[in-house]
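Following the hints, position chains E and Y against chain R.
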Amino acid sequence: MLRNKVLLTFLCVCLAAPGIDAAASRYGGNLVETVASDPKTFNDIVATDVNSTAVTSLFLEGLTTADPVTLKVIPDLARSWEASSDGLRWTFHLRKDVKWSDGVGFTADDVLFTFNDLIYNPDIPSSSKDVLTIEGKPLKVEKIDNFTVRFTLPVKFAPFLRAMAQTILPRHCLWQTVQQKRFTFSWGIDTPPAQIIGTGPFLLSEYHPGERLVFKRNPHYWKRSSQGEALPYLDHIIFMIIPDAQAQLLKFIDGELDAIALSGRDYPLLKPLERSKDFHIYEAGADYDSNFVTFNQNPGLHPKTSRPFVDPVKLSWFTNVQFRRAVAHAIDKKRLIEILNNGFGLPQNSAMSPSSGSFYDPQVTVYDYDLGKARGILKQAGFKYRPDGMLEDPQGHPVEFNLYTSDAGTASREQTAAIIRSDLEAIGMKVNLVPVEFNTLVNKLTSSFDWDMVMIGLTGGVEPHFGQNVWRSSGGLHLWDPNQLKPVSPWEKRIDEIYDQAAQELDDSKRKELYDEWQRITADELPVIYTVLGMDLFAVRNKFGNLKPSANGGAFPRPEEIYIKK
Amino acid sequence: MKNVVKHQSRIQLAFASFRRNRVAMLCFWALMVLYGMAIFAGFICPYSYQDENRDFSYCPPTKIEFYDQGHLSQPFIYKRSLTFNDIHRRVYVTDHAVRYPLRFFNNGRLFTVEAPGRLYIWGADARGRDIFSRIWYGARISLSIGILGVLISFILGLLIGGIAGYYGGWVDSVLMRLCEMFMMVPGFYLMLALRAAVPENFNSVQVYASVVIILALIGWASLARIIRGMTLSLRERDFVLAAKSLGVPDIVIIFKHILPQTISFSMATLMLTVSSYILAEAGLSVVGLGIQDPIPSWGNLLSDAMEIVPVIFAPWILLPGLFIFIAVMCFNVTGDALRDAFDPMFKE
Amino acid sequence: MIKHIIQRILSTILLLLAVSFFTFWLIHATPGNFFDSLRLNPQISQSTVEHYEKLYHLNDPLLWQYFHWVINIFHGEWGYSLYYNVPVTHVLGSRLFNTFVLSFTSLILTWGIGIPLGIWAALRRNHWIDRMLSVFSFAAFSTPGFFLAVLVLYAASRWGGLPLGGMHSPNYDDMNLLDKIKDTLLHLVIPAGVLSLSSMASLQRIMRGNMLGVLRQQYILAARAKGLPEGIVIYRHALRNAFNPLVTLLGYEFAALLSGAALIEIVCSWPGLGSLLLTAVRAKDVYLVMSSTLMGGVLLIMGNVLADILLTWVDPRIRYEKRR
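Protein chains in written order, with our numbering: chain R, 80 to 645; chain E, 15 to 362; chain Y, 195 to 518.
Bound conformation, chain R alone (with noise of 0.2 Å):
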């Protein structure tokens, strides 16, 4: 009996010892990263700014969401969903089991809150609004009954799932400054923390401005790890506000902060102190981010004075593509990526990134560094060289134009811009360095028109649909010839119909062969020539588990996960 009594003893402690364990070891602690400024608001139906959305993402969610991972759709807010066999009426079925931070249950009360009063409101500056209008109609959204929301499109729209990653906000608390038409000013960021509510797994508790923002735990947090456990795990998130890149590495290397994102130049620097300094670099894959130059390709004359925007005698070297496939030739991207990032980047060639995923296509043309080969185009296309090696046009013009660049301050701008200026002088071109204020630089591409060359770099992500504005003719952000009423060149016109037709196309597969071509064209025809990609890079503290960083998560794709090791 007594030895029964000792065995079964002996199993309970067993199987419950892992238990004790787990619950104990993993809750408390915090974490502290750092942001580049202040964020600008915290109502994220009209923040414009990644300072803004980064933080917002920590307590509001959206139906769906996407795995850092595998980048695959998954739910969130919703726990399933179905569409009907047109693809045009998509039903889903919200979790029950969500509060907002003050108690007050989530409904589907909310969903059409956010999307029918904020996002369709046609008084409120809505950001998102133009991702979720599909050719000029907004989708229909009905509630079916507490717990599920249907929405009608009026196409088939292949983006549709991963566009309802749109974080919804709380109606209870807001629709009252909808009604007094005071919504935009609503959330700013001199709200009281307590008064900003949200489903998400941390809430804002306090904020200084220009020094420091911090989270805590929602007690009231709907998910749960995969042993059941009570998420969030951390007890506070804070974010210092640290303008300046050297200073954040400083403050990394000194203990203050627990994670940083560096370049491939910082690497020889905190890459000897991972032992000491309790850290370790993570290496998470080509950045999203695009990085190129581009000629102004504009035909246009200015309304006022019915100058043509650009000279003409320059046009007809921009628009002239062995002219632009000479100058990607020229450009030396290996040197790039060595003395800019000592190493750690990609040459650039396709408009998506390595880490897109399954749109990304690889089979694209390739300029590779070779100056003979530049020279050599060009001469074919009926340019000559003058005995002191400067570039004339076919008429004789001697090549020469300006390269703007945004005047932001950090040195790797200037640097490429420098070595692309000096790689094209290797093949006879003079160019003139123009750093401008980056609202005016924003204003020549957008309104002005008045500029020859430029090199910039936008945004970008896993679904290329929502970089339409760049690539449709008649885009406003279609940099080198904005705003065409129909497409002016063939490939052109052929870009648009892959956009009209891949958004509505939903097998996958044939979505992908649309986007090939398309990104199989952009670099035929090189409207914009792209440079190089950085890799992303991560520093955090080894005290931390559960991390997953990735490229399109950044360093806590999902904070809710992340404890402290003891």
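Just to be clear, a hint being listed does not mean it is correct.
Stated by the list, open to error - Straight-line distance between alpha carbons at most 30 Å, and here's what the computed DSBU-like set of lysine-lysine pairs gives:
1) R/Lys644 <-> R/Lys627
2) R/Lys295 <-> Y/Lys376
3) R/Lys565 <-> R/Lys356
4) R/Lys413 <-> E/Lys77
5) R/Lys222 <-> R/Lys302
6) R/Lys219 <-> R/Lys235
7) R/Lys295 <-> Y/Lys374
8) R/Lys302 <-> R/Lys591
9) R/Lys644 <-> R/Lys295
10) R/Lys645 <-> R/Lys622
11) R/Lys627 <-> R/Lys175
12) R/Lys572 <-> R/Lys216
13) R/Lys383 <-> R/Lys565
14) R/Lys393 <-> R/Lys458
15) R/Lys589 <-> R/Lys572
16) Y/Lys374 <-> R/Lys356
17) R/Lys413 <-> E/Lys93
18) R/Lys622 <-> Y/Lys374
19) R/Lys216 <-> R/Lys235
20) R/Lys302 <-> R/Lys260
21) R/Lys622 <-> Y/Lys376
22) Y/Lys376 <-> R/Lys356
23) E/Lys258 <-> E/Lys270
24) R/Lys235 <-> R/Lys260
As the list claims (entries may be wrong) - Here are some of the chain Y residues that sit facing chain R, going by a computed Cβ distance under 8 Å:
25) Val285
26) Gly360
27) His362
28) Arg434
Claimed, not checked - Covered by chain Y, according to a simulated footprint, are these stretches of chain R (three or more residues, beta-carbon under 8 Å):
29) 133-141
30) 185-192
31) 582-589
It is worth saying that the hints were derived from the structure and are not from the lab. Every residue, glycine too, gets a C-beta built ideally from N, C-alpha and C.
Below, chains E and Y alone, put in the same frame as chain R:
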């Protein structure tokens, strides 16, 4: 008349006293050396300021060898090549098998080596350009901009300060309010805004001229105030009252009697202003709004040195800061000594 | 005297209007407005951006916009920050306080250390201490401030002990009052130290020069001849007269500190008015820039008026009426 004669010998006395100050004379000659090196940069430096070689990014200073296996020989350097080690750090490997002798008085330059060897006396920057050469070509810009800017400021200051101080009353009020307006817009922002108003397609010469004018516009107001203050004090002096009672016209009094008195004292202030203009140009260029790459100025050479990683792995890029410091300090010491020398003369 | 002060106040108001309009015009002289950075986000269309522009009156003629702004100042409404999406006063307030803390500490350091060092140098003229201080002073105000700040930060990162930038530690909110004060003081060491270094150095030189000048005067000789103890000669007579001219500097000093601290704030990540202004100017946040410049202008003008009044009081030779 008697006053004027006494004055001249006082000026001579003041200069003599300045010459006795050994530290100040040392600084003065240091400045002459700096300007001399700047003027002869084309001869002294082995490379032009835009001669880049990307195989030698951040190359450390080259060691010049004088001994070949124990025997004294013609100076030479070994070949070096770039590799990245396992933590992506730049490492330059010396190849003792290949050597490049130094050549003197070759191609109009004091010393060079034959390609593909590269001689980096003070190291290379990110694109393999010689820091030594860039510092001395940069000296041309940094040292001249200050002086030109001060000249323009001074002329403006003389005009406005002199007139304001002499006439007083509402003329003084209006002119001093104008000065205050310029002094009130925060200097850094005035520079930013003025620079933004400069058209973009200016070539480097035009940018240089614009920076000179911008610097002059920031500093003329305080110079004008100082001159106005001096004029205010001077106009009550005996020789001015004497001239007025003799019926000499105001303009003549201002330009022939008062202002020459201020010049000797102003010289000291001018030297101090040059040093502040050199610092201002450095500040403007560091942020990328002054002289543009590839034309070097000590300020824009420093913009690479504002980041911790290049400084830790290539500390030689801090050298331009040292030269700014030396030049500014020499101007300050000289100006201060000049002021000391003229001080008793002015106070009486 | 009273008439003079009233005259000054009136011209001050006029001057403030002129400066604010000048700044307003300068901001608008550079092309492009605040919402241009929106346009470069591929997910936002033209009509959304236009919507924003209408909301904030940015398409009205220049003079109207300025006129509205001036009227509002008197209502206590200083404009809306387009960049931060809150009224300007909310953002200005906290940042102004932080810059004030930094500047005030700098001022105390400058005067608290500069004056005694100047006196010391004057009393030990040509002694090795004097020479050393001379060298140190010249070195201090010959170094570009931003450069020195960067060097000090690197040195501090090597040797540890001091926080590298910012104003508070991450766990500031959990500290008690005493610890909070200690924490802020620690964070002040590098920025205030670098900021005060050059003004400390020049003040030291000036004090020394004044002191030497005064000590040469007849009345000092007379006081000594009368048999007064050296201590009283120096600290009651000489010092007071040497110190007077410096009072006029106080006005300029404080205002100059406020605007000159901008670069140091940025390098040391100090959350003050300077770093705020730089962001605002770059983002063309019109109302924020104007209000901040106005603040700076008010302080500087007050400093100048103070200086002028003090100058009149100190040097009776200078007259303000038209010469007869």
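Holds or violated: R/Lys565 to R/Lys356, with C-alpha atoms at most 30 Å apart: With Cα atoms ~59 Å apart, R/Lys565 and R/Lys356 exceed 30 Å; violated.
Agreement of R/Lys644 and R/Lys295 with the hint, judged by alpha carbon distance not exceeding 30 Å: With a Cα-Cα distance of about 19 Å, the restraint between R/Lys644 and R/Lys295 holds, given a limit of 30 Å.
Can the restraint linking R/Lys216 and R/Lys235 be considered satisfied, given a maximum Cα separation of 30 Å? holds, 12 Å
Is the interface hint satisfied for Y/Val285? The criterion is a beta-carbon contact with chain R at less than 8 Å. holds, 7 Å
Pairwise hint evaluation, R/Lys565 against R/Lys383, where the allowed Cα distance is 30 Å at most: Within the cut-off at roughly 23 Å; holds.
Taking 30 Å as the top limit, are the C-alpha atoms of R/Lys622 and Y/Lys376 close enough? holds, 29 Å
Taking beta carbons only, do three or more residues of the segment 133-141 of chain R come closer than 8 Å to chain Y? n = 0 at 8 Å, threshold three: violated.
Would you check the hint for R/Lys222 and R/Lys302, treating anything up to 30 Å between C-alpha atoms as holding? Roughly 24 Å separates the two Cα atoms, so the pair holds.
Starting from Y/Lys374, check that the Cα of R/Lys356 is at most 30 Å away, please. holds, 26 Å
Given hint R/Lys235 paired with R/Lys219 - CA-CA distance at most 30 Å: holds, 13 Å
Would you mind confirming whether the straight-line C-alpha gap from R/Lys627 to R/Lys175 stays at or under 30 Å? holds, 28 Å
Pair hint E/Lys258 and E/Lys270, alpha-carbon separation not exceeding 30 Å: holds, 13 Å
Going down the numbered hints, you'll see the structure goes against 3, 8, 20, 24, 28, 29, 30 and 31, while the others check out.
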